[in-house]
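Residue numbers (numbering that gives the first Met the number 0), protein chains in the order written: chain X, 0 to 352; chain Y, 0 to 352; chain E, 0 to 352.
Honestly, I wouldn't trust all of these hints.
[To be verified] What follows is a list of derived Cβ distance ranges for each label pair:
#  : chain 1 : residue 1 : chain 2 : residue 2 : range
1  : Y       : Glu243    : E       : Ser22     : 47 to 57 Å
2  : E       : Asp173    : X       : Ser39     : 42 to 52 Å
3  : Y       : Arg98     : X       : Ser167    : 43 to 53 Å
4  : E       : Ser39     : Y       : Asn293    : 51 to 61 Å
5  : E       : Trp15     : Y       : Asp173    : 30 to 40 Å
6  : X       : Ser144    : Y       : Val143    : 20 to 30 Å
7  : Y       : Glu294    : X       : Ser144    : 52 to 62 Å
8  : E       : Arg98     : Y       : Asp173    : 23 to 33 Å
9  : E       : Ser167    : X       : Ser167    : 53 to 63 Å
10 : X       : Pro179    : Y       : Glu138    : 51 to 61 Å
11 : Y       : Arg98     : E       : Arg335    : 57 to 67 Å
12 : E       : Gly205    : X       : Gly132    : 16 to 26 Å
13 : E       : Ser22     : Y       : Glu18     : 37 to 47 Å
[Stated by the list, open to error] To spell it out: a stretch of chain X is covered by chain Y in this simulated footprint if at least three of its residues, at any positions, have a beta carbon under 8 Å from a beta carbon of chain Y; those stretches are:
#  : segment
14 : 17-24
15 : 156-168
16 : 294-300
[Unchecked claim] Calculated lysine-lysine pairs in the DSS-like style (CA-CA distance at most 27 Å, straight line):
#  : chain 1 : residue 1 : chain 2 : residue 2
17 : X       : Lys196    : Y       : Lys89
18 : X       : Lys27     : E       : Lys206
19 : X       : Lys296    : X       : Lys146
Just so you know, these hints were derived from the structure itself, not from any lab. Think of the CB as a built atom: it goes at the ideal place given N, C-alpha and C, for glycine as much as any other residue.
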Amino acid sequence: MSEKSYPLNAWYPVAWSGEIGRSLFARKICGRDIVVYRRSDGEVAALEDACWHRLLPLSLGRLMGDEIVCGYHGLVFNSAGRCTFMPAQKTINPSACVRAYPVVERHRLIWTWPGDPALADPGLMPDFHWNDGEEWKGEGGTFVSLKCDYRLVVDNLMDLTHETYVHSDSIGHDAILDSPFEVTHSDRTATLTRWMKAIDAPPFWGKQLGKPGKVDRWQIVTFEAPNVVVGDVGVAPAGAGAPEGDRSQGVNGAFLAALAPETATSCHYFWNFVRTFKTGDHELTRRLTLAHVNEGKGVYDQDHRVLEAQQRAIDSNPRLPFYNLNIDAGALWARRKIDQMIAREGAAPLAAE
Amino acid sequence: MSEKSYPLNAWYPVAWSGEIGRSLFARKICGRDIVVYRRSDGEVAALEDACWHRLLPLSLGRLMGDEIVCGYHGLVFNSAGRCTFMPAQKTINPSACVRAYPVVERHRLIWTWPGDPALADPGLMPDFHWNDGEEWKGEGGTFVSLKCDYRLVVDNLMDLTHETYVHSDSIGHDAILDSPFEVTHSDRTATLTRWMKAIDAPPFWGKQLGKPGKVDRWQIVTFEAPNVVVGDVGVAPAGAGAPEGDRSQGVNGAFLAALAPETATSCHYFWNFVRTFKTGDHELTRRLTLAHVNEGKGVYDQDHRVLEAQQRAIDSNPRLPFYNLNIDAGALWARRKIDQMIAREGAAPLAAE
Amino acid sequence: MSEKSYPLNAWYPVAWSGEIGRSLFARKICGRDIVVYRRSDGEVAALEDACWHRLLPLSLGRLMGDEIVCGYHGLVFNSAGRCTFMPAQKTINPSACVRAYPVVERHRLIWTWPGDPALADPGLMPDFHWNDGEEWKGEGGTFVSLKCDYRLVVDNLMDLTHETYVHSDSIGHDAILDSPFEVTHSDRTATLTRWMKAIDAPPFWGKQLGKPGKVDRWQIVTFEAPNVVVGDVGVAPAGAGAPEGDRSQGVNGAFLAALAPETATSCHYFWNFVRTFKTGDHELTRRLTLAHVNEGKGVYDQDHRVLEAQQRAIDSNPRLPFYNLNIDAGALWARRKIDQMIAREGAAPLAAE
C-alpha cells in the first residue's frame, strides 16, 4: 500500500454539469481548494480557491463577466488564473496569478486534473458514457464529503458479496456467495465477472423481467483506475443465451461510481443507477433513486454507514495492511492499479508541485 | 507520575450485568474497542470490536446463536474470537481471529482484562461485594465517557475535604476540615480513616439516625488499585462505641466507585451509594440516587463539572506534577499503588502487545 | 514575519469596565487563562485562572471579600495571588501562589499585561482616549474569540480599500481606490492618511453633514503597536479648509479597535464607533451600532466573515508570506512595528517565563 492514497495526475469529478453555472462553486479535490464556474461562452473554468494576495477564498467573491473579483480587496482574475486588476495601482505584478486547473466536461460531469497541467490529456479520461443520458437512463446523486478514503468505496463496489450482509433486505442473495467469479485486468482496469446461472430471480429483477422461470444473473464490475467503477448487472431467462452474449431477452442495468478524493480520509462520490429497459418510466426512475439513497434507508445509505465506520476503525487501529479473502481479488487488483499510478507519479515528480 | 496512566493487567468494569444480554454492546476500555454480549448459556463474551478482515466494528453486525456475524462481508466469529465462516470460500485461514478478552461477571458488573490474558486471574478482582445487592442496598448508575483521567476521580474520592467546597449545600461540614485523619496502606490498597467525634449530625445523617444528640461520624475510604474506591460512611450516637467497633446503634452507608479508563483523558465511572439501614425503603433509594445524579443538580454532577474542568486545565497547562497539601495523603498513596502496578507491568512486557 | 505573533510585554484589553464587578470573570489572553474581578475598593485584580494545588480554574470558585475561594478544596488566594488559606492545615506553604497580572483600568476598558510584571509601565498604555465617553460618543461592543490572528484585523483596518469590496453596499466608494494616500510612522505607530477631495459625499456622510455640494473626505488611520487602531474619519464641505486643519464646518467620527490575542489564531476585538457630532442623539448612536454589528448584517459582521475565512485559508495553505500590493503599505508598517516589539522581547527573555 502506498503512503499516498491517490495519484494527482488523473481526471476527477468535481460536480454535475447542471451544478455549474454563472456563479462560484467551491469544492476541495485531492486536498486542493478549487473554485469552479461557467464562462459566458459555456466553457467551465476551475481556479485555485485562494486569492494570490491574502488567500481569501475566491469563491467568497463574485463573477464579473468571465472573471472573478476577490471579495476582500477586489483583485480580479481571469479564467486562466491571471490577475487582471489590482486596486489602487496601475501596474500589475506580472507574476500575480492563481493556479488554473484543466477542466473537461463530459458525460454530464465536470472533471478536473489536480496534477501537472502539462500532462492533462483528455484522452486519459475514464470511460463513463453510461452516465451521458443517451442510451442508459438514470438520475443519480452525490455523496459530498463522505468520510472515508475513496479506495474503501472501490473495495466496496468491487466485491458484491457484501450485498448479502449489508443489503440482506433488498439485493442480497446467497447465490452471490455460491457462484464463482473471475477477475481480469488490463493496464488501467480490473474486471470482476460473476454469472449466477439458472437461479430464482431476486425480487427486483424478477419484476423487471416480467417472465416466470429461472434466470441467468450477471454482475460484471469494471474498475478504471484510479476512480471509476461501472457495474453491468442484469438477468435474462435461463438458457436464453445471455452468458454467451445475447442479452436481447433480458433486462440490463448498470451502477456507476465516479470518485474524487477530498482528503486522504474523505471523498466525493458521484453515483448513478442507469438502465436500458423501461427508460421512459419516470416513476421507476424515481423509485430506483430512492432505493439507493433515501434519508438513510437506501442501499447506498447502508454502505455509507459501513464505510464511515470502517474508516473510523482504520484511523484508530494500527493493524494494517488488511488481511484478505478470496472475495477481495477484484478489490486487490483495483488497488494495485491505483498503486501503480501513484508509483509512476512518484518517479516523475510534478513540475507544478 | 508514570507516563502511562493505567495498568493493562487489571480487571476493569465494562457494564452493569443488566446491560449485557443477547445483543451487541460496544465500549472502549483502556483504548481498546470491545464488543460484549451474553451467550445463550448465560456466559458473557468480550471480543475485539474490529473484524479481522476489514476492521468494521463487529458491534455493527449481529448475533447468530453465540457467534457474531460481521455486518460487512459476513465473516463469523465465535465467542473465543475464532473465525468460523468466511464468505465464498471453503477453507478458513486458521490464523483468522479477533482478540478475546477475559471476562468475569461479579458483584452485578461485567469486568474485563485488557492486558495479557494469561495473567487474568479472577483472584485479582478487587473486592466490590458492597455492590452485589445482598446486604447493602442501592441503585447506582454510570458516567460513560466522563472527560477526565480516571485518577482524578480517585483523587476526588480519596479526599473528602472537597465536600466542604464542592458540596457545601449538602454533605459538606466544617468538621471534615477540623478532624485529623490517618492513612494506612497495604500492597494494593490505601485507606483513609477520619473520625469526627461528638459533633452535630449533618442534616442527612441526623434524619436517618432518628435520635437527638451529638454523633460520632466516620469516613473510612479504601482504594484498591488500580480502580476501585469504597467509602464506608455513617454516624452513631456519640459515646455509643462506634469508634471502638460497635456500630449497632448507628446508621451505615457506603459510596462505591469502579472505574475504567476509556482513554488517557476519559473514563467510565460506575457508581453506587448503598446502605444497611431502611433497605426496604424504595422511596429513600430513589431519593439517594437523585441526590447523587439528578440532571446536573446532584452531588456527583457537581464533581463531574469540577473533574472535567480540572482535566481541561491540565491539558492546557504544562505545570505538572501537582503541588500537594496534607489532605492529599490518601490520594498520593492511591497514585503510588497505581504507579507500582504500571511499573511492574513495564518490567514484564505484555506477550499480547 | 516572526514565529511569535504577539509580544507579551504589552497592555491588552480584557473586558469593558462595566463587565467587571463583584463576581469572577474568565478570559484567555495571549494563551493565558485569566480570572478577573473587582475588589471592594473598586480596584480590579487579574489572577492566573488555575489553582496552585490541582489546577481547577479559580473562576469556578467564588469571591469571599476580596479573595477567591477555590471551588474544589477551598484554598484561598488574595488579589496579589498569594494563598491565604489551605484546608485542614495550619501552616501555609509560603511559595503557594498563583500569578497576578498587572491591571490598568482606563478609557472604559480593563487592560492587562501578560508578560513580565516588572516591565508593566502604565506609561506604555496605547492612547485610546476616544473611547472614554467624554468628547467622543459611541456605544461599541466586543467580538469574543474571533477566529483569526489579531494581525488580520490590523491588516483589515489599516487598508480601507477593502471597503469598496467587502462593504460595497454601505461605505464603499470608488474614490477610495482613486485617491493617493501616504503612510508615516514613529517608533510605535504607523499612520495612513487619505484625503478624497471635492467628491460626492457618500450617503451616510452626506446625511450627517446636512449640506449640499462636494465634500472633502478624510481617513486618517493610526495603528499603535501592538494592538490599537484608531481611524479618524469624516467629511467637510469642499474648500472649507479641512485638509489644512480646519474641520469646524465638517462632521467627524472615529472607528476604534483594541485587540487582544486569545491564541495565535483567535482574538478578542473591542470595537467602537464614536463621533463628535449629534452626540446627544441616542437613536443615531443605536443606528450606528446596528450598522456595525447586527446579527450578521452589519459592516463588521461582513469583516468578521472575511477574516475567519482568511484564517482558515492560511491554516490550510502553506503559501506564506503574503504577496503584497501598494495598498498594503499601512498594514506592512503596522506588522513591522509588531515584529520589532516581538524581536526586542526575544532579546531580553522574560524573567517570569
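Do the hints match the structure? See the list:
In this structure the supplied range 47 to 57 Å holds for Glu243/Y paired with Ser22/E, their Cβ-Cβ distance being about 48 Å. With their beta carbons about 25 Å apart, Asp173/E and Ser39/X fall outside the hinted range of 42 to 52 Å. In this structure the supplied range 43 to 53 Å is violated for Arg98/Y paired with Ser167/X, their Cβ-Cβ distance being about 27 Å. In this structure, Ser39/E and Asn293/Y break the distance hint of 51 to 61 Å, their C-beta atoms being roughly 36 Å apart.
Range check, Trp15/E to Asp173/Y: Cβ separation about 39 Å, and the 30 to 40 Å hint holds. Range check, Ser144/X to Val143/Y: about 29 Å between beta-carbon atoms, so the 20 to 30 Å window is met. Separation of Glu294/Y from Ser144/X is about 35 Å and departs from the stated range, judged on CB atoms against 52 to 62 Å. At roughly 30 Å, the beta-carbon separation of Arg98/E and Asp173/Y lies within the given 23 to 33 Å, and the hint holds.
A beta carbon spacing of about 57 Å between Ser167/E and Ser167/X agrees with the range 53 to 63 Å that was offered as a hint. For Pro179/X and Glu138/Y, the hinted distance range of 51 to 61 Å is satisfied, since their beta carbons lie about 58 Å from each other. A hinted range of 57 to 67 Å holds for the C-beta pair Arg98/Y and Arg335/E, which are about 60 Å apart. For the pair Gly205/E and Gly132/X, the supplied restraint of 16 to 26 Å is violated, since their beta-carbon distance comes to about 56 Å.
One distance hint, 37 to 47 Å for the beta-carbon pair Ser22/E and Glu18/Y, holds here, with the actual separation near 42 Å. For the segment 17-24 of chain X, the assignment as covered by chain Y is violated, since 0 residues bring a beta-carbon within under 8 Å of that chain's beta-carbons and 3 are needed. Residues of the segment 156-168 of chain X lying with their CB closer than 8 Å to a CB of chain Y number 6, which satisfies the three-residue condition for coverage. Beta-carbon proximity to chain Y at under 8 Å applies to 0 residues in the segment 294-300 of chain X; the threshold of 3 is not reached and the given coverage is violated.
Among the hinted pairs, Lys196/X with Lys89/Y is consistent with the structure: their alpha-carbon atoms are about 20 Å apart, no more than 27 Å. Taken as a hint, the Lys27/X and Lys206/E pair is broken in the structure, with Cα atoms around 46 Å apart against an allowance of 27 Å. Distance hint between Lys296/X and Lys146/X is fulfilled; the C-alpha atoms sit about 18 Å from each other, no more than 27 Å.
Hints 2, 3, 4, 7, 12, 14, 16 and 18, counting from the list given before, are not met by this structure.
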